[in-house]
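Undergrad: Single-letter residue listing:
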Amino acid sequence: EDKVVQSPLSLVVHEGDTVTLNCSYEVTNFRSLLWYKQEKKAPTFLFMLTSSGIEKKSGRLSSILDKKELSSILNITATQTGDSAIYLCAVEASGGTYKYIFGTGTRLKVLA
Amino acid sequence: NAGVTQTPKFQVLKTGQSMTLQCAQDMNHNSMYWYRQDPGMGLRLIYYSASEGTTDKGEVPNGYNVSRLNKREFSLRLESAAPSQTSVYFCASLRGLADTQYFGPGTRLTVL
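So the protein lines, in turn, are chains A and B.
Numbering of the first sequence is given in the numbering used here, commencing with residue 1482 and proceeding in unit increments.
Numbering of the second sequence is given in the numbering used here, commencing with residue 854 and proceeding in unit increments.
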């Protein structure tokens, strides 16, 4: 059965800290893993990682895909209160079905 | 460019009532999705439509039906609402597997 697991479930840090969020997956015929940020509304796209693009960076955020370990990490450096959100990881399910499976998310709170 | 739109934004139903959530996208995307999100949870896939004319069950389809009316519109119907269907419902669309999903603003549904 396809599965996506994120850890930790929640995290509280202070501004300026660095955080690492984890996502592990079990799907056959892996094609892509996506990270989203969700504040009070709909999720917004951060990164897509594939076999041909295993590392992405945008400002203070970066993400790496480890195909051997079937996992990905999302790093946020020099955190700010505006980084407080739920971070969601999604993987396309097996078989090229256009079906995406989401993890439960990591709720990050950054204190001033 | 409206992207993905959903109606209504909020709805309160009594147990046993029926209703249809509407979703439309103006990006000429092939695939469309319905998710639900419960407090402290990630997104769970209810139904999806990989292309116009097809629909498939997701992780939690029981109690729901869908219609892919045309390429733009994908509706979700609750025939007999139950309190367990109290949730926030998100619609999403996808151009293709190398792209990201785009989400609508969500519908907050309460079933009393």
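If you're looking for bench data, these hints aren't it; they were derived computationally from the structure.
Remember, predicted model here, so these are calculated numbers, not experimental data.
There may be inaccurate statements among the hints.
Stated by the list, open to error - Label pairs and their computed distance ranges (CB to CB): (1) 1490/A / 906/B: 18 to 26 Å; (2) 950/B / 1499/A: 26 to 34 Å; (3) 861/B / 1536/A: 24 to 32 Å; (4) 1496/A / 894/B: 35 to 43 Å; (5) 1526/A / 863/B: 23 to 31 Å; (6) 906/B / 1563/A: 20 to 28 Å; (7) 1547/A / 893/B: 21 to 29 Å; (8) 1496/A / 922/B: 44 to 52 Å; (9) 865/B / 1507/A: 32 to 40 Å; (10) 1488/A / 863/B: 29 to 37 Å; (11) 916/B / 1486/A: 22 to 30 Å.
As the list claims (entries may be wrong) - Straight line, CA to CA, 16 Å or less: simulated EDC-like cross-link-like pairs of lysine to aspartate or glutamate: (12) 1548/A / 1536/A; (13) 1522/A / 1564/A; (14) 1590/A / 1564/A; (15) 910/B / 1520/A; (16) 1521/A / 912/B; (17) 1484/A / 879/B; (18) 1549/A / 1520/A; (19) 1590/A / 1520/A; (20) 910/B / 1483/A; (21) 1522/A / 912/B; (22) 1518/A / 1564/A; (23) 924/B / 891/B.
Backbone N, C-alpha and C define an ideal beta-carbon position, used for all residues, glycine too.
Undergrad: Which earlier hints turn out false for this structure, listed by number in ascending order?
TA: Hint check: 1, 3, 4, 6, 15, 16, 17, 18, 21, 23 fail, others pass.
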